[in-house]
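Trainee: Sequence:
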Amino acid sequence: MFSNRITAAQQLIPLLKKYKEQPGGLVLAVPRGGVPIAYVIAKELHLPLSLVLTKKIGHPANEEYAIGAVSLTDRYLVPHKEISPAYIEEATTRIRKRLREMYHMYLGDRQPEPISGKTVIVADDGIATGNTLLATVKMLRKANPAKIVVAAPVASQNAYATLSKVVDELIILHIPTFFRGVGEFYDDFGQVTNEEVIYYLTKERT
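Take 1 as the starting number for the sequence shown in the UniProt record's numbering and just add one per residue.
These aren't lab readings, by the way, just hints derived from the structure by calculation.
Where a beta carbon is used, it is the ideal one built from N, C-alpha and C, also for glycine.
Be aware that a few hints might be false.
As the list claims (entries may be wrong) - Heads up, simulated BS3-like pairs for lysine-lysine below, C-alpha to C-alpha not over 25 Å straight-line: (1) K43 with K20; (2) K81 with K17; (3) K81 with K203; (4) K142 with K97; (5) K18 with K97; (6) K138 with K81; (7) K203 with K43; (8) K55 with K142; (9) K17 with K203; (10) K147 with K18; (11) K97 with K17; (12) K43 with K165; (13) K43 with K18; (14) K165 with K138; (15) K147 with K81; (16) K165 with K147; (17) K138 with K55.
Unchecked claim - Each pair of labels, with its calculated beta carbon distance range: (18) I171 with L72: 23 to 29 Å; (19) K17 with P79: 39 to 45 Å; (20) T193 with P48: 32 to 38 Å; (21) H104 with I13: 29 to 35 Å; (22) T93 with R141: 19 to 25 Å; (23) P60 with T202: 23 to 29 Å; (24) S164 with P114: 36 to 42 Å.
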């Protein structure tokens, strides 16, 4: 369906043209795979680029099953009576430590971009379950943006149904009937490295 992340992002641009040079517009990349996508969008729309740093809290019995998510300043939880508050606090502390390390690695001493009153375009390379992104959107909403747009080349039907209820606009190029993983829709789905993330964020400022 897509040759690589860059060409996939280019296919998204016609659907995002109305946000070109939008006053108060901001593109937020979901690292690491969403960074090349977001870079192309930010460049074509003449909007600033930054990161949305969140990580899921995995269930103690199954790390892949998200029970919430954590950002540098906020947290979103789906209540589970069998999970102790101590586990939640330990996971939050551990995840925030990792997020601070990522922020320093990718953005150095740059201050976080304020999003209050802005049109925020959250970009990723694909959306499988949508659970972590759902939590991300709920946390972003607390900061009072004017509008939240989520854009990705591909998403599962379940993810699309979930996210369409919580965002102001959901822009997806392909919603397949059968979905096993994001990578199956790319010819080249190599892992985006930390060096590439830094490259795109630095290039955006030049």
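Trainee: If a hint holds in the structure, say so; if it doesn't, say that too.
Mentor: Evaluated hints:
no.	hint	in the structure
1	K43 with K20	10 Å, holds
2	K81 with K17	45 Å, violated
3	K81 with K203	46 Å, violated
4	K142 with K97	22 Å, holds
5	K18 with K97	38 Å, violated
6	K138 with K81	21 Å, holds
7	K203 with K43	10 Å, holds
8	K55 with K142	17 Å, holds
9	K17 with K203	21 Å, holds
10	K147 with K18	13 Å, holds
11	K97 with K17	37 Å, violated
12	K43 with K165	28 Å, violated
13	K43 with K18	14 Å, holds
14	K165 with K138	11 Å, holds
15	K147 with K81	33 Å, violated
16	K165 with K147	14 Å, holds
17	K138 with K55	13 Å, holds
18	I171 with L72: 23 to 29 Å	26 Å, holds
19	K17 with P79: 39 to 45 Å	41 Å, holds
20	T193 with P48: 32 to 38 Å	23 Å, violated
21	H104 with I13: 29 to 35 Å	31 Å, holds
22	T93 with R141: 19 to 25 Å	24 Å, holds
23	P60 with T202: 23 to 29 Å	38 Å, violated
24	S164 with P114: 36 to 42 Å	26 Å, violated
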